[in-house]
Amino acid sequence: MADGGSCSSHEYRSPHHSDRKKAMAELGNGKKQASPEEVHPRKAFGWAAKDKSGVLSPFAFSRRNTGADDVTIKILYCGICHSDLHTAKNEWSNAIYPMVPGHEIVGVVTEVGQNVQNFKVGEKVGVGCIVNSCLSCQNCNRDYENYCPRIILTYNSLDVDGTMTYGGYSNMVVVNQHFVIRFPENLPLDKGAPLLCAGITVYSPLKEHGLDVPGKHLGVVGLGGLGHVAVKFGKAFGMKVTVISTSLKKEKEAIERLGADAFLVSSNAEQMQAAMGTMDGIINTVSADHSIAPLAFLLKTHGKMIMVGAPEKPLQLPIFSLILGGKTLAGSCIGGIKATQEMIDFAAKNNITADIELIPISYLNEAMERLTKADVRYRFVIDIGNSLTEA
Amino acid sequence: MENGNNAAASPEEVRRSPAFGWAARDTSGVLSPFTFSRRKNGENDVTIKILYCGICHSDLHSVKNEWQNSVYPIVPGHEIVGVVTEVGGKVDRFKVGDHAGVGCMVNSCRSCHECAGHHENHCPGMILTYNSTDVDGTVTYGGYSDSVVVEEHFAVRFPVGMPLDRGAPLLCAGITVYSPMKRFGFDVPGKHIGVVGLGGLGHVAVKFGKAFGAKVTVISTSPSKRQEAVERLGADAFLVSKDPDEMKAAWGTMDGIINTVSAAHEVTPLLSLLKTFGQMVMVGAPEKPLEIYAFPLLLGGKSIVGSIIGGMKETQEMIDFAAEHNVTADIELIAMDYVNKAMERVAKADVRYRFVIDIGNTLSAA
Chain A
1 MADGGSCSSH
11 EYRSPHHSDR
21 KKAMAELGNG
31 KKQASPEEVH
41 PRKAFGWAAK
51 DKSGVLSPFA
61 FSRRNTGADD
71 VTIKILYCGI
81 CHSDLHTAKN
91 EWSNAIYPMV
101 PGHEIVGVVT
111 EVGQNVQNFK
121 VGEKVGVGCI
131 VNSCLSCQNC
141 NRDYENYCPR
151 IILTYNSLDV
161 DGTMTYGGYS
171 NMVVVNQHFV
181 IRFPENLPLD
191 KGAPLLCAGI
201 TVYSPLKEHG
211 LDVPGKHLGV
221 VGLGGLGHVA
231 VKFGKAFGMK
241 VTVISTSLKK
251 EKEAIERLGA
261 DAFLVSSNAE
271 QMQAAMGTMD
281 GIINTVSADH
291 SIAPLAFLLK
301 THGKMIMVGA
311 PEKPLQLPIF
321 SLILGGKTLA
331 GSCIGGIKAT
341 QEMIDFAAKN
351 NITADIELIP
361 ISYLNEAMER
371 LTKADVRYRF
381 VIDIGNSLTE
391 A
Chain B
392 MENGNNAAAS
402 PEEVRRSPAF
412 GWAARDTSGV
422 LSPFTFSRRK
432 NGENDVTIKI
442 LYCGICHSDL
452 HSVKNEWQNS
462 VYPIVPGHEI
472 VGVVTEVGGK
482 VDRFKVGDHA
492 GVGCMVNSCR
502 SCHECAGHHE
512 NHCPGMILTY
522 NSTDVDGTVT
532 YGGYSDSVVV
542 EEHFAVRFPV
552 GMPLDRGAPL
562 LCAGITVYSP
572 MKRFGFDVPG
582 KHIGVVGLGG
592 LGHVAVKFGK
602 AFGAKVTVIS
612 TSPSKRQEAV
622 ERLGADAFLV
632 SKDPDEMKAA
642 WGTMDGIINT
652 VSAAHEVTPL
662 LSLLKTFGQM
672 VMVGAPEKPL
682 EIYAFPLLLG
692 GKSIVGSIIG
702 GMKETQEMID
712 FAAEHNVTAD
722 IELIAMDYVN
732 KAMERVAKAD
742 VRYRFVIDIG
752 NTLSAA
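Protein chains in written order, with the working numbering: chain A, 1 to 391; chain B, 392 to 757.
Mixed in with the good hints there might be a few duds.
Said to hold, decoys possible - Simulated crosslink set (EDC-like; lysine to aspartate or glutamate; CA at most 16 Å straight-line):
no., chain 1, residue 1, chain 2, residue 2
1, A, Lys313, B, Glu637
2, A, Lys89, A, Glu366
3, A, Lys50, A, Glu91
4, A, Lys313, B, Glu682
5, A, Lys216, A, Asp261
6, B, Lys455, B, Glu678
Just so you know, the hints here were simulated from the structure itself, not pulled from any lab data.
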């Protein structure tokens, strides 16, 4: 998998890291030497991070013309994902500046290429974390573009034409139709945007691992951008949902507003003990370093814990916490395009949206600061359409 | 698994059939002759005159109290094979003269969700063949002895013609790898399975893998095992885990991995060998916690799974499969009085690949 974007880390070198480094070094040849404004024929503007301070500021660049398979989208909203912050600050040691983050993009179609049958001008659509993949490997053929070794991410990635991808903190984007998600009429655009990353990131593994069955018991660790959406999906699947958190203050919220059935404070040994062996599955959204073994003991025999957060330090797993009860520790990274569309349709049908704080683009840096402290309930969404203007 | 509060009355008093074996008396783990007794054969029981008992590494851990749960004296042994000498009135799967085996469990609650699903190995009330407190409050004694009395449900029939000495280790080592290989679909012809560690568990995993029609790659720290693995055991390929080039060439090629290693080791390089959605099954039990970096799991939706022995139904199924496909363990047959030396060698993994005690011919009452 290309070593860029939401699921990469300096600790782990993917097989293609060295290819990419070489390609990036060649970004001085031919048209790649052109400035961001000249690389492509169409003017675009957004906010970019220029260095690892991660501070964002207005940035003029360009987008390609609408190709035969492309959809051009005027962006109305873009969610702020924690990965945007990690990447902008080069925390994963793979940042190429200037960088325009944003992979929870929603907008309206303004132009379609001649091969495009499924989208029309004026339609509401979304773009998530992926803008391209090889579309021919075994993973792509099974609708797992998220695991394609040639995946191209929405920002900070090297596209097939050798140019940098720029994300949704901008006024427009041009995307291959395969990677565009249709938004059903009744799904609010602003509150629906975060589903394009946070939503699919939890929905995909819940479906893959059979944690979508009515009556089963799901634990959700961490109540943030990912966690709160996991609670909503879990309840929509008809499951019993228990939130596991470090902060007691979130209990009322979890139960009364989000609809969780129960709440455990992970440092409360008695509560944790009482819940041992009760959960069919756990979705662990926490990226801070934390102790995994007590969570594993909450699982029933053959239970599964799915990591969707990525703590920096390695997880410490005493072997008996897995062996006793034949339990599984699995990882998952976003989801394929088919699953993303399915998830959006399911969300529309079941009135599932993210809980957001809508902000103007001028608030962006402050929002990023608050994000480092997890001070948001539960996702910032930039009101691009109404607040982003050319500098 | 704790010592019963009403601590066992002396073994000689409670049970009424005399028995004889070798036991460890303290954490030195040294074994010596030991007289005790077994319960009389009940209506659901079979009595087995023991002919062979495999030495499992767990026996060594137990006699030395490495898991902090040993109750001395311990008669280890949970790879037991022998001949049935008595059956209770309600027994219908065995008759006198049949060959039968006993593995790691001698009882479970028989009524919980796990037992109902044939996962007695996960029953909270499961009772181990040795060093466990049985339902009658007495301590269980294992197969380094002349006989065992066990409920029919926990006895395994050995098909006629199946070698008893080479079959004994299957009762623990065999089921420990067979169960997860079946559970995760590693038994589908054409799959590519990695086996980490070539010892008691590992060599049996290679044999089952080949019998399933899988492509099997052995991953080991010792280049010296390559010829053995490929030429004698039939593995298709061999990777030295410390060779980064060999490992890199195999990235993303395996549907699953059975990891039998109990020594401390890095799991991250092994995860790279898995295809998307691949699973690594841990059947070894390293002492220190595994260190698992999150990204190698996330990238490719991979899993690490734990597994511990298997249920009785699948243990019988495993033995029947092994008989049909000529899968047996590679053993070194030893006399009873060699057992302490054998234990020392087990500690150094100096055996190809399982010691089996020739109980029938060499265990005699002092």
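Starting from the hint list further up, note which numbers the structure goes against and sort them upward.
Structure breaks hint 1 only.
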